[in-house]
Amino acid sequence: MEPLLDYAWVVVVLPLLSAVLITAFGKQLPGKGSELGIASLAISWLLALGIAWETFVNSPIEPVERAIDWSPLGGGFIFELGILVDGLTAVMLLLVTTVSFMVHIYSREYMRGEVRFTYFFAMLSLFTFSMLLLVVSNNLLQAVIGWELVGLCSYLLIGFYWEGKSNQDAGNKAFMTTKFGDVGLIVGVIVLSAGMFSMTDTPFNILQINEAAAAGQLSTTTVVLGMLMIFLGCVSKSGQMPLHVWLPDAMAGPTPVSALIHAATMVTAGVFLLARLFPVVAQSQAVMATIAIFGVITLFFGGLLALVQDDLKKILAYSTISQLGYMVAAIGVGGYTASVFHLFTHGFFKALLFLGAGSLIHAVHSNNISDMGGLARAMPHTFWTFIVGSLALAGFPLTAGFFSKDEILIAGDLWAGAGFVTGSLVYWVGLAAAFVTTFYMARACFLIFAGENRSHHAPHESGKLILAPLMVLAVLSVASGYLLSPFSPEQPNFETWTATPILDEEASYPFAQESGEADAEHSAVGVVGDGVLASGTVMAAEKEGPVKVLHGVPTWHPDLLAMVLVLFSLAVFLAYRFYGKGLPERDPTLSMGRFTDVLVAKYGFDDFGYRYIVVPVRDRLSAAASYSSNVLIDGVVAGVGRATKNAATTTYRVVDQQVIDGSINGAAFSAAWWSEKLKRIQSGDVQRYAGVLVAGTIVLVLAFAAAR
Amino acid sequence: MSPVGPLLLATFLFCAGVYGVIARRNAVLVLLSVELMLNAVNINLVTFQNLLFPDDPAVTGQMFALFIIGVAAAEVGVGLAIVFNMFRNRASVDVDDADLMRW
Chain A
1 MEPLLDYAWV VVVLPLLSAV LITAFGKQLP GKGSELGIAS LAISWLLALG IAWETFVNSP
61 IEPVERAIDW SPLGGGFIFE LGILVDGLTA VMLLLVTTVS FMVHIYSREY MRGEVRFTYF
121 FAMLSLFTFS MLLLVVSNNL LQAVIGWELV GLCSYLLIGF YWEGKSNQDA GNKAFMTTKF
181 GDVGLIVGVI VLSAGMFSMT DTPFNILQIN EAAAAGQLST TTVVLGMLMI FLGCVSKSGQ
241 MPLHVWLPDA MAGPTPVSAL IHAATMVTAG VFLLARLFPV VAQSQAVMAT IAIFGVITLF
301 FGGLLALVQD DLKKILAYST ISQLGYMVAA IGVGGYTASV FHLFTHGFFK ALLFLGAGSL
361 IHAVHSNNIS DMGGLARAMP HTFWTFIVGS LALAGFPLTA GFFSKDEILI AGDLWAGAGF
421 VTGSLVYWVG LAAAFVTTFY MARACFLIFA GENRSHHAPH ESGKLILAPL MVLAVLSVAS
481 GYLLSPFSPE QPNFETWTAT PILDEEASYP FAQESGEADA EHSAVGVVGD GVLASGTVMA
541 AEKEGPVKVL HGVPTWHPDL LAMVLVLFSL AVFLAYRFYG KGLPERDPTL SMGRFTDVLV
601 AKYGFDDFGY RYIVVPVRDR LSAAASYSSN VLIDGVVAGV GRATKNAATT TYRVVDQQVI
661 DGSINGAAFS AAWWSEKLKR IQSGDVQRYA GVLVAGTIVL VLAFAAAR
Chain B
1 MSPVGPLLLA TFLFCAGVYG VIARRNAVLV LLSVELMLNA VNINLVTFQN LLFPDDPAVT
61 GQMFALFIIG VAAAEVGVGL AIVFNMFRNR ASVDVDDADL MRW
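As they're listed, the protein sequences go chains A and B. Numbering of the first sequence is given in this note's numbering, commencing with residue 1 and proceeding in unit increments. Numbering of the second sequence is given in this note's numbering, commencing with residue 1 and proceeding in unit increments.
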């Protein structure tokens, strides 16, 4: 099994190669470069599939780490450039390459005729490469490089239609908001690795950091400060409140890019990093509580915003924010497997929904669901794939979203059982948000597919290259859930696949030691035997000693199943009442008084940000910076320049022209003057020479005689 | 025998030669004056040989004098050839006319 895992770097490098080749030769090729992108992603995808299979059937596996030392700076530590392949990496490789492969195929049809078609494909490949680089990296510095590249590519692609000012603004907003979090990430990486310097030559190595953290070798300050700073990066990148503001605006980019950003390459980066560093996260209750609270707030309030949106892509964007909230909250309540599982399934159905939305938008030439309606008959394939995606997003039983989302709720319940209030929050708020999710997706589906056609176009089904990815993703949106479901209790399953050996062996959740008051019902035996719906990593508090992580068997959990079904039916029923007959005169979600106002204003985050961050920065800070640059620094520079010029001019006039040239000219003139005088001696009269010779001889003789 | 007479004669001849070289205009006479100086030297050589090394069987002074006579004959040959050429080109043997080497 090892040889295949060793070649994980090929998966990463191929998209980069494709990006470079497309940039260099894309325009000359018959497919304008798209075939290069699709081919390289196909190979990457096959390889990722092989790696996923190897890690899955042999799970849980020991991580395979291959790295080269690369120390441009020296200085007593080694900067590695390498890969770390374990179950988590394999999951992410599979997710990223699958979604990216589908998006590449889809874009070939969807972006046909675009002016910057080749550029678009180059950027898609580069985007994929950046995310893969982050996913396979075995050290935090390399991860930061991938992270920043992801940010750059998202900026370039969100602002793809850069002719429009609002699109430029959206790109800038995404870049600057995530950049704010990146500062936190970098600080966090430095703090974490600073604690590692005394222990190892490779302080950025993720495995070593995780091991040191699990062994309790990192100080509490390091863990709390480092992880909170890294979490700040995740908040901005993974669209957690209050730094989610860039995500809805990112819809300015082309729809395939939205699919890529929301499913595979951008927003998942933050959750992935938290999962990757989960052994460190698990060291501090403060960190886990913070993460859980941010997640809970985001999953509920982010979802509410989707209720009042008319733009289909924005509805999906807010649903992404909400689902990311679930993932982050799951990390905060110890639901490592649940979080990664939801990340995995969400990637498929969110990509499906966005690509389906693109197909719909193509048909009616509008983003707004109020302009659609009655599309079920005109676009049957888009219809059923979109419905599958919506069901998965809403967590309808037996779809992938059901298994993964309920896994998160169960994780919350278990955490609550261990005596943490955040667990209950995740459980109940998560359940409420599931109702909201179902309602707004049902609203969107009824408005899009039921009733009369309100668009001014005759909608028609999209081409094969658009439908094929939709169908593949629709199958995956259902099938991927069965990796961890009560239907497949035997191992290996998703839980052993992504299991972290470090957490298995070492004492985890050290802060949970004194939670002995946890009720016996949720003790280790109790949890596993209690009929959990799909218990992944079961965390059990014993009376004494540290909390242990157990591998549980997914089982049914009837009370949760019942609640989910009731909430689902209620939400769909309400949505049918309101929207089943087409667009109502007054949209109920827009007729809720102050509540609607708050939602339409997006809780005022954008206004607040504009008024208290954008305006002061633009009008005061930028003006001051501009003044200091244009007047102060430029003044100094110009002054230095002027002084230099004056000095040079003076030097030229005095030293060069007068002293040096004068002395040289003077020498020449004096030579000319003297030669004019002296040449008279050379008379050519030989007898005069002889006379002078004789006279000189006589003088010399007399002189010698006198001297004697 | 007293060397005073021959030395006075040599001095006179040399001074006459110098005067001739400096003052005469005719190139042939300049050559003649050069011969006078050479012969003054010859007289000096013979005189001092007899005065200083009268018993030297090698008679170096006389030998030198003979060599100088030979060399002088060759020199006159070359000099007269130059004078002939000069006359042929300029129709004159006045040394004042030969001033090509001036500035």
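FYI, nobody ran anything at the bench for these hints, they're computed from the structure. None of these values were measured; they are calculated from a predicted model. Ideal Cβ placement from N, Cα and C applies to all residues, glycine included. Fair warning: there could be bad hints in the mix.
[What the hints assert, rightly or not] A few chain A positions that, by computed beta-carbon distances, are all more than 10 angstroms from chain B:
no. : residue
1   : Phe117
2   : Leu304
3   : Glu461
4   : Pro558
5   : Ile633
6   : Asp685
7   : Val686
8   : Val694
[What the hints assert, rightly or not] Derived coverage of chain B by chain A (criterion: at least 3 residues anywhere in the stretch with Cβ under 8 angstroms from a Cβ of chain A; other residues may be distant):
no. : stretch
9   : 17-25
10  : 74-81
Could you check the structure against the hints above and give me the numbers of any it violates, in ascending order?
6, 7, 8, 10
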